[in-house]
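**Q** Taken in sequence, the protein lines are chains B and A. Residues in the first sequence are numbered consecutively from 1, following the numbering used here. Residues in the second sequence are numbered consecutively from 1, following the numbering used here.
I should point out that these hints are in silico values taken from the structure, not numbers from a laboratory.
For identical chains, the list gives no copy identity; a pair is met inside one copy or between any two copies.
Here are the simulated DSBU-like cross-link-like pairs (lysine-lysine), alpha carbons at most 30 Å apart as the crow flies:
id: 1; residue 1: Lys402; residue 2: Lys180
id: 2; residue 1: Lys252; residue 2: Lys297
id: 3; residue 1: Lys391; residue 2: Lys337
id: 4; residue 1: Lys313; residue 2: Lys90
id: 5; residue 1: Lys171; residue 2: Lys264
id: 6; residue 1: Lys117; residue 2: Lys327
Protein chains: 2
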Amino acid sequence: MKVAILGYGTVGSGVFEVMRSNPEGIARRAGEDIEVKYVLDLRDFPGDPVEEVLVHDFAQVVNDPEIGVVIEVMGGVEPAYSFVKEALLKGKSVCTSNKELVAKHGAELLEIAKQKKENFLFEASVGGGIPIIRPLNQSLTADEIQEVTGILNGTTNYILTQMRDEGTDFKDALADAQAKGYAERNPSADVDGYDAGRKIAILTSLAYGMQVDYEDIYTEGIAKITREDIAYAGALGAGIKLFGTSKTVEGKVYAMVAPRMVGKEHPLYVVDDVFNAVLVRGNFLGDIMFYGKGAGKLPTASAVVSDVVDAVKHQGVNVMTIWNSRKLELADINTLKNCFFVRVPEHEREKAQSLFEVDCEVKVQEISGEYAFLTKPMTEGSFKKAASKAKVLSRIRVENVKGAGEPM
Amino acid sequence: MKVAILGYGTVGSGVFEVMRSNPEGIARRAGEDIEVKYVLDLRDFPGDPVEEVLVHDFAQVVNDPEIGVVIEVMGGVEPAYSFVKEALLKGKSVCTSNKELVAKHGAELLEIAKQKKENFLFEASVGGGIPIIRPLNQSLTADEIQEVTGILNGTTNYILTQMRDEGTDFKDALADAQAKGYAERNPSADVDGYDAGRKIAILTSLAYGMQVDYEDIYTEGIAKITREDIAYAGALGAGIKLFGTSKTVEGKVYAMVAPRMVGKEHPLYVVDDVFNAVLVRGNFLGDIMFYGKGAGKLPTASAVVSDVVDAVKHQGVNVMTIWNSRKLELADINTLKNCFFVRVPEHEREKAQSLFEVDCEVKVQEISGEYAFLTKPMTEGSFKKAASKAKVLSRIRVENVKGAGEPM
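Sequences and hints are given; from them, build the entire structure.
**A** If you want it as structure tokens, here you go:
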């Protein structure tokens, strides 16, 4: 089997490296040898072993009948979408790590793959090296999925862990993450939650078999989380994590990306640094969690190559993935119940107590001049209404924190 | 598609229940309706809905050409093995939760399934509802697996958690587990580590593609763990877990089942109560962890039904599982290095210090009259030799505990 890699960036060079360092193991699992015939990139890489297979023209790849699998690791919607679609239409399977592409065009590309009896696989698009897409499609098939919640972005998890462990504020932790190469120079996609939003859109689409548009998902990042918030969380024995969540409540599907204050009882509490994890709750299975490196060149490349192995094993046989293009209508989050951690200035203590149903006060010795508390469960809508009447310094949704009632 | 369930015990009745409560969801994922045509059991169940499909004669099941998938959930090697083999030879796929059967005859049954272009699937045989077999086969295919370590037995994990949280000793915690239905009246298979041994044998066979006999795996249970051991672990910020482990060290494969004292840094430290978890370490992926309910009627049934869905999706197409009958020679554990936690009587302090390379002393205020310490890394063989010269009150292998050097 001959394959082509589109893009020789971080993931692409990782895929090239994995394929070259473990060819026997991969061939044993795939049932035949797999050879990288082309790597497509606009750039040249003088002296790099990729040189002997490097090409600059996609037509050369897609028109070569020897190529059975195309590996798209360029990122971004275009030209990835055009390339992938053309490859599928020409009867080649496609494996991709591209979450933007999958979130936007997954349903359509799966449909083309099905018609062509080929496969469109995207294990690496969510959770890097963690197997989550294939388990959702193939292992959790007996259950009704009731909730999918993930720490889906390693950059923000690293920043939040640094803030907790080093006592730094958001700005410094971000600068540190940038210096370490964990965060981009323009960090918005990560810290504003958009990356997690695309990933939870993909997981939700798979859990319900219908199209979830990430633009419809309420999305909140971590830029407003302060040192004080982290200190309060510590006092509660809790941590702050950025969750991508979708959940069925009374037959309605809610989805959101937002920071959460989570207690030790929550299975995702322990997930620190650049690690990712996904919790899936099934009606029979209960809670299942998948944990691992959510990003990085080699873990991500490993997931891509596992898809290539799968594609080679399933030549001419479509592995059914249920995700049709019919849009899933998400419920209005204003009707969703949550508990909240809230801080107001000390002089608004009584006002806050009249606006909110306070569950308990939270105190941190070093912080004065304010009143912090947990609310009882209330809808997002009624919270917003109450909060508009007070000077809320910060508010974070709360889960599995003692004294904080029932979680979302 | 018509299927038959062999055995109407805990798992069998769970499978029957899951298939009946979510038929549309299952049909959507499988691509066609799935009907339970027979349930085989020697007993009668007057008044139970199973009555209308209950049969007592296996011949009726296996000779019915309408039956495409046989679900074996009887447990034990015989008659399960004869039934499963005959079903496969008659061209039916088989799904099973039976770890004894899979550990002993997995390689042969997979080979028959391959020849017949059918499938032999056993997701529920390890980790109950946790997807681990399919991820090992299909998702972790790009890596060389360097280690598989699991908390694979919920009963022993529950007992150890009770001992820690309630301060009870082993005997009382076991009685409590029996009263709650978590432990059998004859608890040996669980508490002596045999159940975990079969499961790590299956995982190791899959990780290396060769036959690992559980009889070859060094196996130690939890019956000797005392309240004092737990108190010392607590003083070290560690917990005691029963691990099934296999690991490649310098090209040799070691496997063992034994209690371990593990620090907070270990991904399995947080796994309490009846939960199971499996850690897989790949050369590219790093550490991946799978976590969930390792037993119980409905989680296990859910895993069985996911296999049924897979079997229905792959009619006439064998999903390749690499596990040949060639025996994998395990390395002698006497050559394996570990750190140990050791307790000797106070009057043997100096002797112990001369026999072992002590890494640090461990103290618990309430315990006197003894000397407890952690060793530096040493081989099992040299540990055994040294220990034979002292009066060792207890010794537990140690991993990720501060001051305890490198783990196995």
